[in-house]
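Take a look at the letters that make up each chain.
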Amino acid sequence: MQAAELSGERAKCVTGIDGLDSILGGGIPISNMVLVTGGSGTGKTTLAVEFLLRGASKGEKGLLISTFESPDKMMSNIPHFDFFDEKYVKDGTLQILELGPLLDRAGIKQRILDEESVIRLAEMIEKTLVENGVKRFVLDSLSSLLYGIEDQMVAKVLLQRLSAAIYASRCTGLLISDKAGPSDIEGFVSDGIISMDNHERRGDLLRTIQVTKMKGTSHSRSKFVIDLTSWGVLMTPLLKGGGVS
Amino acid sequence: MNGDMGSYVATKLEEIGPSVSVALEIGMDTYFDVVRGLTDNFAGKKGLMCVYITSSVPSSAMLSALKMLEVGTKDIHFIDCISHLVSRDIAPSENTIYIDNPTMLENIILKVDFLSRKMKGKTMLVVLDSINSLAIHNDVKMLSEFLQVLLSGLKSKGAYPVIISVAGQAKPELKEVMTLVCDQIVPVQLIP
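Protein sequence lines, in the order shown, are assigned to chains Z and G. According to the working numbering, the first sequence is numbered sequentially starting from 1. According to the working numbering, the second sequence is numbered sequentially starting from 1.
Chain Z with its partners taken away, still in its complex shape (with noise of 0.2 angstroms):
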C-alpha cells in the first residue's frame, strides 16, 4: 500500500502533462476511466499519446486502441515530440493496436456492436490490459466505437463492462470522445470528464482544456488555454480581464 492510500487518498497516476497535474492536484487517481471530450482539433488525441509516452518513460507500459486508423497514420499525425523515444514501441513498453484485428481475435465479425459483442470486446481488452501489465490506456475514440449502436443500453453495458475492466487491472484509461455532456451516459459512467474545446474571442480560436469531474481528487475547475508544443502539451489560464460572462 503506497502512502497516498495510507492517508486515505487515493493513489494518483502522475500523468507527466505539467499543468494537467497541477491542475488534478498531482495525477490522475489510479484506476480511473477518465472521459477526454471536444470538438475535432481540440488536441484530445495529442494530449492522449503525451500520457502514454510520460508514462513509457517511466517505464509505464501504455496501449492505445485505434479504432478508425492504422497505428502508423495515427502516429504521423501526432506533433513531432522532443521526448518521443522509438524504443518506446520497439520493446512494447507502448503498443499501438487497431480496433479490428481484436474484433476478429475476440471472434465478432459485425462492425456495429451488440450486447453480447460488446461485453466479449471488454473481456478481450481486460485480457490484454492484465496480460501485458499495462498501466496506461488510451480507447481512441469511443465515439467512432458507439457510432451506428442505438441502444443506449448497450453503450451502457460497453462503457461499464470497460471501467470494471481498468479497475481490475488497475491501470488509467482515457477514453477520447468527440462529444459528451453532463448528461451523456459517456459523462455519467466515466470517473473523470477533461473538456478540451475551442475558445473564440473575436475571431481567433484558442485551445482550451477543463478538468470537470473527476473522482477521488480535488481538482481546479477553472479553464485553460493549451498549446500543443514539442515540448508537449501547455497549459495557462484563459484570461478573463476582469470580466465574467
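Worth double-checking, as some hints may not be accurate.
[Stated by the list, open to error] Cut-off 27 angstroms, straight-line C-alpha distance, at most; resulting in silico cross-link-like pairs (DSSO-like, lysine-lysine):
1) Z:240 - G:141
2) G:157 - Z:223
3) G:171 - Z:223
4) Z:127 - Z:90
5) G:120 - Z:58
6) Z:58 - G:157
7) Z:87 - G:118
8) Z:240 - G:155
It should be emphasised that the hints constitute simulated quantities derived from the structure, not laboratory data.
Once you have looked at the hints, place chain G on chain Z.
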C-alpha cells in the same frame, strides 16, 4: 539622460538584477538605442538568451534593424504578434514564432514558456515591445491580467522581464496598470 543610452540601459538592468519586472519608459527618439542596450549591451554581454516579444514592428523589420546596428541575433528569439495582422507575405524564420493576433495573449505566455523549456533553464531576458501597441488591441483589464501572469512566471524563473512603454502614449488607466504590475519604472529619455 544624455550620453550612451545603450550602456545606461545595460547598467541599470545590471543594478536591478533578475526576477524584477522593469518598465522602461522611453521616448521615440531613443527607441533603437534602448533596443541595442537591451539586446547587445545587456543580453549579449551577459550571455543571456533574449526573447523579444514584438507587437509593434514585424520581427523581420526588427531583425534588419538589429543587423544594421551590428547586433548579433543568434541568441535572440522573436515572438511576433503583429506580422500576421499587417502582412500576407510571411517567410518562416528559424528564430521566430508567429502568433496570429496580438489579442491572443495567452498564446504569448505559452510561447514564452515553450522557449524557456527549449532553452533548458538558461537565464532569459524577456522584452515586451511594447505595452502601448498591445493596448491598441486589448482592453486594459485583460492586459493587466496578462502582465500579472506573464511577469510572475518569469520572476519565478529568475528571468529579466522588461516592458517597453512609450512615454506620452499611454492612457492613465494603462499607467496605473504599469505601476501595479511592474516592480520598477525606469525613465529612459533624452534631456532636451
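Cross-check of the supplied hints:
no.: 1; hint: Z:240 - G:141; in the structure: 8 angstroms, holds
no.: 2; hint: G:157 - Z:223; in the structure: 24 angstroms, holds
no.: 3; hint: G:171 - Z:223; in the structure: 30 angstroms, violated
no.: 4; hint: Z:127 - Z:90; in the structure: 21 angstroms, holds
no.: 5; hint: G:120 - Z:58; in the structure: 20 angstroms, holds
no.: 6; hint: Z:58 - G:157; in the structure: 26 angstroms, holds
no.: 7; hint: Z:87 - G:118; in the structure: 23 angstroms, holds
no.: 8; hint: Z:240 - G:155; in the structure: 22 angstroms, holds
Violation of the numbered hints given earlier is confined to hint 3; every other hint is satisfied by the structure.
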